[in-house]
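> Residue-level listing of the chains:
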Amino acid sequence: MLTPIYLIAITAEAMSGALAAGRRRMDIFGVAAIAFVTALGGGTVRDVVLGHFPVGWTRHPEYIAIVVGAGLFTTLVASRLRHLKQLFLVLDAMGLVAFSLIGSEVALGMGYPAAVVLMAGMLTGIAGGILRDVLCNQVPEVFRRELYASVSLLVCALYLGLLAAGLSPERSTAIAFFGGLALRLAAIRQGWRLPSFSYSERWD
Amino acid sequence: MLTPIYLIAITAEAMSGALAAGRRRMDIFGVAAIAFVTALGGGTVRDVVLGHFPVGWTRHPEYIAIVVGAGLFTTLVASRLRHLKQLFLVLDAMGLVAFSLIGSEVALGMGYPAAVVLMAGMLTGIAGGILRDVLCNQVPEVFRRELYASVSLLVCALYLGLLAAGLSPERSTAIAFFGGLALRLAAIRQGWRLPSFSYSERWD
Amino acid sequence: MLTPIYLIAITAEAMSGALAAGRRRMDIFGVAAIAFVTALGGGTVRDVVLGHFPVGWTRHPEYIAIVVGAGLFTTLVASRLRHLKQLFLVLDAMGLVAFSLIGSEVALGMGYPAAVVLMAGMLTGIAGGILRDVLCNQVPEVFRRELYASVSLLVCALYLGLLAAGLSPERSTAIAFFGGLALRLAAIRQGWRLPSFSYSERWD
Numbered sequence: 001m002l003t004p005i006y007l008i009a010i011t012a013e014a015m016s017g018a019l020a021a022g023r024r025r026m027d028i029f030g031v032a033a034i035a036f037v038t039a040l041g042g043g044t045v046r047d048v049v050l051g052h053f054p055v056g057w058t059r060h061p062e063y064i065a066i067v068v069g070a071g072l073f074t075t076l077v078a079s080r081l082r083h084l085k086q087l088f089l090v091l092d093a094m095g096l097v098a099f100s101l102i103g104s105e106v107a108l109g110m111g112y113p114a115a116v117v118l119m120a121g122m123l124t125g126i127a128g129g130i131l132r133d134v135l136c137n138q139v140p141e142v143f144r145r146e147l148y149a150s151v152s153l154l155v156c157a158l159y160l161g162l163l164a165a166g167l168s169p170e171r172s173t174a175i176a177f178f179g180g181l182a183l184r185l186a187a188i189r190q191g192w193r194l195p196s197f198s199y200s201e202r203w204d
Numbered sequence: 001m002l003t004p005i006y007l008i009a010i011t012a013e014a015m016s017g018a019l020a021a022g023r024r025r026m027d028i029f030g031v032a033a034i035a036f037v038t039a040l041g042g043g044t045v046r047d048v049v050l051g052h053f054p055v056g057w058t059r060h061p062e063y064i065a066i067v068v069g070a071g072l073f074t075t076l077v078a079s080r081l082r083h084l085k086q087l088f089l090v091l092d093a094m095g096l097v098a099f100s101l102i103g104s105e106v107a108l109g110m111g112y113p114a115a116v117v118l119m120a121g122m123l124t125g126i127a128g129g130i131l132r133d134v135l136c137n138q139v140p141e142v143f144r145r146e147l148y149a150s151v152s153l154l155v156c157a158l159y160l161g162l163l164a165a166g167l168s169p170e171r172s173t174a175i176a177f178f179g180g181l182a183l184r185l186a187a188i189r190q191g192w193r194l195p196s197f198s199y200s201e202r203w204d
Numbered sequence: 001m002l003t004p005i006y007l008i009a010i011t012a013e014a015m016s017g018a019l020a021a022g023r024r025r026m027d028i029f030g031v032a033a034i035a036f037v038t039a040l041g042g043g044t045v046r047d048v049v050l051g052h053f054p055v056g057w058t059r060h061p062e063y064i065a066i067v068v069g070a071g072l073f074t075t076l077v078a079s080r081l082r083h084l085k086q087l088f089l090v091l092d093a094m095g096l097v098a099f100s101l102i103g104s105e106v107a108l109g110m111g112y113p114a115a116v117v118l119m120a121g122m123l124t125g126i127a128g129g130i131l132r133d134v135l136c137n138q139v140p141e142v143f144r145r146e147l148y149a150s151v152s153l154l155v156c157a158l159y160l161g162l163l164a165a166g167l168s169p170e171r172s173t174a175i176a177f178f179g180g181l182a183l184r185l186a187a188i189r190q191g192w193r194l195p196s197f198s199y200s201e202r203w204d
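Residue numbers (the numbering used here), protein chains in the order written: chain Y, 1 to 204; chain G, 1 to 204; chain V, 1 to 204.
Quick caveat, the hints were computed from the structure, so don't treat them as lab data. Computed from a prediction, not measured in an experiment: that's the story for all the values here. Treat the hints loosely; a few may be bogus.
[What the hints assert, rightly or not] Okay, derived cross-link-like pairs now, SDA-like style, lysine to any residue, Cα gap no bigger than 25 angstroms in a straight line:
1. Y/Lys85 <-> Y/Pro4
2. V/Lys85 <-> G/Leu185
3. G/Lys85 <-> Y/Ser198
4. Y/Lys85 <-> V/Arg23
5. G/Lys85 <-> Y/Leu183
6. G/Lys85 <-> Y/Arg202
7. V/Lys85 <-> G/Glu201
8. Y/Lys85 <-> V/Arg145
9. G/Lys85 <-> Y/Trp203
10. Y/Lys85 <-> V/Trp203
11. V/Lys85 <-> G/Arg202
12. G/Lys85 <-> Y/Glu201
13. V/Lys85 <-> V/Glu170
14. G/Lys85 <-> Y/Lys85
15. G/Lys85 <-> G/Ile5
16. Y/Lys85 <-> V/Ser198
17. V/Lys85 <-> V/Val48
18. V/Lys85 <-> G/Ser200
19. Y/Lys85 <-> Y/Leu183
20. V/Lys85 <-> V/Tyr6
21. V/Lys85 <-> G/Trp203
22. V/Lys85 <-> G/Lys85
23. G/Lys85 <-> G/Leu185
24. V/Lys85 <-> V/Glu201
25. Y/Lys85 <-> V/Glu201
26. V/Lys85 <-> V/Leu163
27. G/Lys85 <-> Y/Pro4
28. Y/Lys85 <-> V/Arg193
29. V/Lys85 <-> V/Arg193
[Unchecked claim] Derived list of chain Y stretches under chain V, where covered just means 3 residues or more per stretch with a C-beta under 8 angstroms from a C-beta of chain V:
30. 4-14
31. 132-144
Backbone N, C-alpha and C define an ideal beta-carbon position, used for all residues, glycine too.
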C-alpha cells in the first residue's frame, strides 16, 4: 500500500528541496543534489545507522531518476507552484507519515527494540529535511515548525501499539497512516505547535 | 569503571545540547533531538565509520530515555544552571575523556591500527559537539576553544602507550582518565589554547 | 596508475581545507580536522553509503599522516600560496577526476548498477568539499561554481561507456582521466557554468 504513496512523497520532497536550492541561487547540479538529499537522505541515514545494507535507493536506481527529474522539472515550473501550496502541504504530510511507517518497518524487520523502531521511523521522516537545511546553511525548520516530527513519533508509536494489540500489519499501517495524516493536517490548519524553549545566556 | 562515568557524561552532554537548542529557540522536539545528537552522535559516527554494527545506543534503548529526559529537564531548570557552570565544565571534561577512551577501546577490539584507534577516540569525544553546532548553524566551537580535541588525542595516545608498555587495560584506563581530566581542567583554568591560524585572502 | 595521482590529490585537498579553516580562524587542531575531512571525507561517505567496510583510510593510516601533515604545513606557508593558485587549480582538477574514477571503481567492484556507480563516483569527488563547507558554516560552493560536480558525472559516465564499449579498465581510466581534466580546466579558463536557479518566494 505504501509504495505508490512513497513515490508521490519522494517527488514532493524533491520539489521542496529544489525550491530551497533556488533560494540559495544554486546551479542546476545543486538543485538536483539537494532534491536527491531531501527525498532520499532520510532513508539513507536510517539504513546507515541501522547497518541495513545495501541502502534502499541503491537497489532502486529508478528512484534516483525520479527525484533528480522532479528537482529539475521544478526549475521550469517554479513560478506557478505557489498556487499549489495546499496540495504540497498534503503531499508533504503524506510523505512524512509514509516515510515514518516505512522506517519503522525496516527496524522492526531487523529485530530492533521498540525505542529504536521509533527512532528509525523519525529519522526516515525528518532527516532528509534536516540535511536539506544544513546544506542550505540554515537551522533545520523541523525543529521549529508546527507539529511535524512529533507527528512522526506518534505515527510510529500508534503503529507499534496496534501491532502489539494484535492487528495485522496492513490494518495497523492503514490506521496509523490516516491518523497521522489527519493530525498533521489539523496541526497546519490550527497552527498547533510544541512549546518552544528560548535561552539567551552565554556562559563564556 | 567507565560505565557510570559514561552515564553522567551523556547526561551532561545532553544538557549542553538542550541549551544550544534553546539559544536557537527550538521547540521541545528540537531540544530532545539536539540533546540526543550531542550526547550519542559521537559514538554513532564512530560506529558507522568503523563498520561497528549494531550502533551502541540501539542495544541500549535506556540511553535514549536518559538523554531525551535530560534534555527536556533542562528546559525546566535552565535559568538556574548558570550557577553550576563550574560543575558542568567538570562533567563535560569527564565526558570528553571517557568518550575518548571508550572509542579507542572499540577500535582496538576490532583490530584497527593505532592511528585509527586515535581517530576513533577523537571522533567519539568530539563528533557529538560538532553535530550539535552544525545543526545549530554555527562553526564547531571545538575547533576554536581551549585545549579540547587535543586533550582527546593525548588521552588516547597515553592509553595506547600504557598498554604497549605492558600495563593492564584497567590501570591504563585509570591513568589516562585522570591524566586527561587534569589536563583539560588545567587548560580551562589557565586559558591554554592551541595557536590559531588566520587566513583572510580569497582567491576568486 | 591512479595511486600517485590520488596521493597528490589528497595533499592538495587537505591544503584547500586548511585555508578554509584559516578563514574561520580555527586553531591548528581545527586546521588538521578540516584538512582530513576535505581530503578523506568524500571516500568515507562513499564507503559508508555503499556499505564498503573497512573504510579506505582505516587500512592506510599513512593517508592520515599525509593529510594532517599537509594541513599543518599549509599554516606555515599560507602567505605564499596565492602565487601558486594556477597550480592548485590543476591539482584540484586532477583530484576531482581521480576521486571520481576511484569511487566508480569501488561501486563497480561491489556489483552496483550503473546509476549507483555514477553516484558513488560523484560522492567521492565532491562530498569532501561539501563537508568542509558545512563545517565552515557556508553553502557548499560545489553547488554554485563553474562546472565541477558535472565534470565528475561526465567522467564517470565516460568511464562506464568506454568499459561497456569493450575497452580495458586501464585504457578507459586513462581516457576518462585526461578527458575530464581537459574539460575541468577549460571550464575554469572559459568560466563555463551550469545555469543557476534563483527562487525568492517564501510560502509562509
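> Against the structure shown, which of the earlier numbered hints fail to hold, in ascending order?
2, 4, 5, 8, 13, 14, 17, 22, 24, 26, 27, 28, 30
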